[in-house]
Amino acid sequence: MTFEDFKPAFDKVAKAGYPCTTHAGEHFGPDTILDAIEKLPVSRIGHGVRISEDESAVKEIIKKGIVLEICPGSNVSLGVYKNYSEHPFPYLRNCGCKVTLNSDDPPFFHTNIGKEYENAHTNFGLSIDNLLDITRTAINAAFIKDDEKKRLQAKVDSWKKSG
Numbered sequence: 001m002t003f004e005d006f007k008p009a010f011d012k013v014a015k016a017g018y019p020c021t022t023h024a025g026e027h028f029g030p031d032t033i034l035d036a037i038e039k040l041p042v043s044r045i046g047h048g049v050r051i052s053e054d055e056s057a058v059k060e061i062i063k064k065g066i067v068l069e070i071c072p073g074s075n076v077s078l079g080v081y082k083n084y085s086e087h088p089f090p091y092l093r094n095c096g097c098k099v100t101l102n103s104d105d106p107p108f109f110h111t112n113i114g115k116e117y118e119n120a121h122t123n124f125g126l127s128i129d130n131l132l133d134i135t136r137t138a139i140n141a142a143f144i145k146d147d148e149k150k151r152l153q154a155k156v157d158s159w160k161k162s163g
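Anchor point for the sequence shown: position 8 equals 8 in my numbering, and the numbering is continuous, going up by one each time.
Simulated from the structure, these hints should not be mistaken for laboratory data.
None of these values were measured; they are calculated from a predicted model.
No residue lacks a Cβ here, since even glycine has one placed at the ideal position from N, Cα and C.
Please note: incorrect hints may appear among the correct ones.
[To be verified] Distance windows between CB atoms, simulated: (1) Leu131 <-> Phe108: 16 to 26 Å; (2) Glu4 <-> Ala154: 36 to 46 Å; (3) Lys63 <-> Pro19: 15 to 25 Å; (4) Gly79 <-> Asp31: 18 to 28 Å; (5) Val13 <-> Gly125: 35 to 45 Å; (6) Glu38 <-> Thr122: 15 to 25 Å; (7) Ala9 <-> Asn140: 21 to 31 Å; (8) Gly125 <-> Glu4: 35 to 45 Å; (9) Ala154 <-> Tyr18: 18 to 28 Å; (10) Asp129 <-> Glu4: 38 to 48 Å; (11) His121 <-> Gly96: 38 to 48 Å; (12) Lys64 <-> Val13: 11 to 21 Å; (13) Thr122 <-> Glu4: 39 to 49 Å; (14) Asp5 <-> His121: 16 to 26 Å.
[Stated by the list, open to error] Derived pair list, reagent style DSSO-like, types lysine-lysine, alpha-carbon separation capped at 27 Å: (15) Lys82 <-> Lys59; (16) Lys145 <-> Lys12; (17) Lys7 <-> Lys145; (18) Lys145 <-> Lys64; (19) Lys7 <-> Lys63; (20) Lys115 <-> Lys150; (21) Lys149 <-> Lys161; (22) Lys59 <-> Lys39; (23) Lys82 <-> Lys15; (24) Lys15 <-> Lys39; (25) Lys115 <-> Lys63; (26) Lys15 <-> Lys63; (27) Lys160 <-> Lys150; (28) Lys115 <-> Lys82; (29) Lys39 <-> Lys63; (30) Lys115 <-> Lys149; (31) Lys155 <-> Lys145; (32) Lys149 <-> Lys160; (33) Lys12 <-> Lys63; (34) Lys39 <-> Lys64; (35) Lys145 <-> Lys161.
Assemble the whole structure, with the sequences as input and the hints as a guide.
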């Protein structure tokens, strides 16, 4: 199956006013991500880490404002990358990609969102402020109402001020 096969369903959902996401670019290269964003009305890509293999593709997702839902723990567990030092999360973030941290399938990968943030701090050298910025990106990309986004952003800001 290709993304083209799913286009009618995605278009119907988008036309009804619902935002869309899809998985692409974890086990297959950047072409799958470009194909997804060309054919489907998506604002987020689940995984998407292999976009890092093509600089022009990275520029394209930045230009389109596509958010990458990255799951470093599962990427390492599945052997997409041998270890965290090979993982492109820091590169993608530093290039200006909108990135979020995610836990993928917590029971299967023995992780949770807290562990993913801790691993990003430990393995990628991200500061608390960096992690809060990633959290803000996740909130802005969430498929929730704007008033809920504002409420959550205020909680992050409040936590930072108390911190």
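Checked hints:
For the pair Leu131 and Phe108, the beta carbons lie near 24 Å from each other, so the given range of 16 to 26 Å is met. Distance hint for Glu4 and Ala154: a CB-CB separation of about 41 Å, consistent with the stated range 36 to 46 Å. About 19 Å separates the C-beta atoms of Lys63 and Pro19, a value consistent with the hinted range of 15 to 25 Å. A beta carbon spacing of about 20 Å between Gly79 and Asp31 agrees with the range 18 to 28 Å that was offered as a hint.
For Val13 and Gly125, the hinted distance range of 35 to 45 Å is satisfied, since their beta carbons lie about 38 Å from each other. Checking the proposed 15 to 25 Å range against Glu38 and Thr122 shows it is violated: the Cβ atoms sit about 36 Å from each other. Distance hint for Ala9 and Asn140: a CB-CB separation of about 25 Å, consistent with the stated range 21 to 31 Å. As the Cβ distance of Gly125 to Glu4 is approximately 40 Å, the hint placing it in 35 to 45 Å holds.
For Ala154 and Tyr18, the Cβ-Cβ distance of about 25 Å falls inside the hinted range of 18 to 28 Å, so the restraint holds. Between Asp129 and Glu4 the beta carbons are some 42 Å apart, a value that agrees with the proposed interval 38 to 48 Å. Taking 38 to 48 Å as the suggested C-beta distance range, the pair His121 and Gly96 does not conform, at roughly 21 Å. For Lys64 and Val13, the hinted distance range of 11 to 21 Å is satisfied, since their beta carbons lie about 18 Å from each other.
The given range of 39 to 49 Å is respected by Thr122 and Glu4, whose C-beta atoms sit roughly 41 Å from each other. Distance hint check: the CB atoms of Asp5 and His121 are about 40 Å apart, inconsistent with the given range 16 to 26 Å. A C-alpha spacing of about 25 Å is found between Lys82 and Lys59, which places the hinted pair at or below 27 Å, so the restraint holds. Between the alpha carbons of Lys145 and Lys12 the distance comes to roughly 20 Å, so the proposed pair stays at or under 27 Å and holds.
With a C-alpha separation of about 25 Å, the suggested pair Lys7 and Lys145 falls inside the 27 Å cut-off, and the hint holds. The straight-line distance between the Cα atoms of Lys145 and Lys64 is roughly 21 Å, inside the 27 Å bound, and the hint therefore holds. The hinted pair formed by Lys7 and Lys63 meets the criterion: a straight-line CA distance of about 22 Å does not exceed 27 Å. Distance restraint check for Lys115 and Lys150: the Cα-Cα separation of roughly 25 Å lies within the 27 Å cut-off, and the hinted pair is therefore satisfied.
With a C-alpha separation of about 18 Å, the suggested pairing of Lys149 with Lys161 holds against the 27 Å cut-off. For the suggested pair Lys59 and Lys39, the alpha carbons sit about 18 Å apart, so the restraint of at most 27 Å is met. For the hint pairing Lys82 with Lys15, the CA-to-CA distance comes to about 41 Å; that exceeds 27 Å, so the pair is violated. Restraint check: the Cα-Cα separation between Lys15 and Lys39 comes to about 14 Å, which is no more than 27 Å; the hinted pair holds.
For a cut-off of 27 Å, the pair hint linking Lys115 to Lys63 is broken: about 31 Å separates their Cα positions. For a cut-off of 27 Å, the pair hint linking Lys15 to Lys63 stands: about 23 Å separates their Cα positions. Between Lys160 and Lys150 the CA atoms are separated by roughly 15 Å; this keeps the pair inside 27 Å, and the hint holds. Taking the CA atoms of Lys115 and Lys82, the gap is about 18 Å. The hint holds against a cut of 27 Å.
Distance restraint check for Lys39 and Lys63: the Cα-Cα separation of roughly 16 Å lies within the 27 Å cut-off, and the hinted pair is therefore satisfied. Of the supplied pair hints, the one linking Lys115 and Lys149 holds, its CA atoms being roughly 23 Å apart against a limit of 27 Å. Distance check on the hinted pair: Lys155 and Lys145 sit about 16 Å apart at the alpha-carbon level, within 27 Å; holds. Between the alpha carbons of Lys149 and Lys160 the distance comes to roughly 17 Å, so the proposed pair stays at or under 27 Å and holds.
Proximity of Lys12 to Lys63 is assessed by CA-CA distance (about 25 Å); at most 27 Å being required, the pair is judged to hold. The hinted pair formed by Lys39 and Lys64 meets the criterion: a straight-line CA distance of about 13 Å does not exceed 27 Å. A threshold of 27 Å between alpha carbons decides the hint, and for Lys145 with Lys161 the separation of about 25 Å falls inside it, so the pair holds.
Hints 6, 11, 14, 23 and 25 from the list above are not met by this structure, while the remaining hints are.
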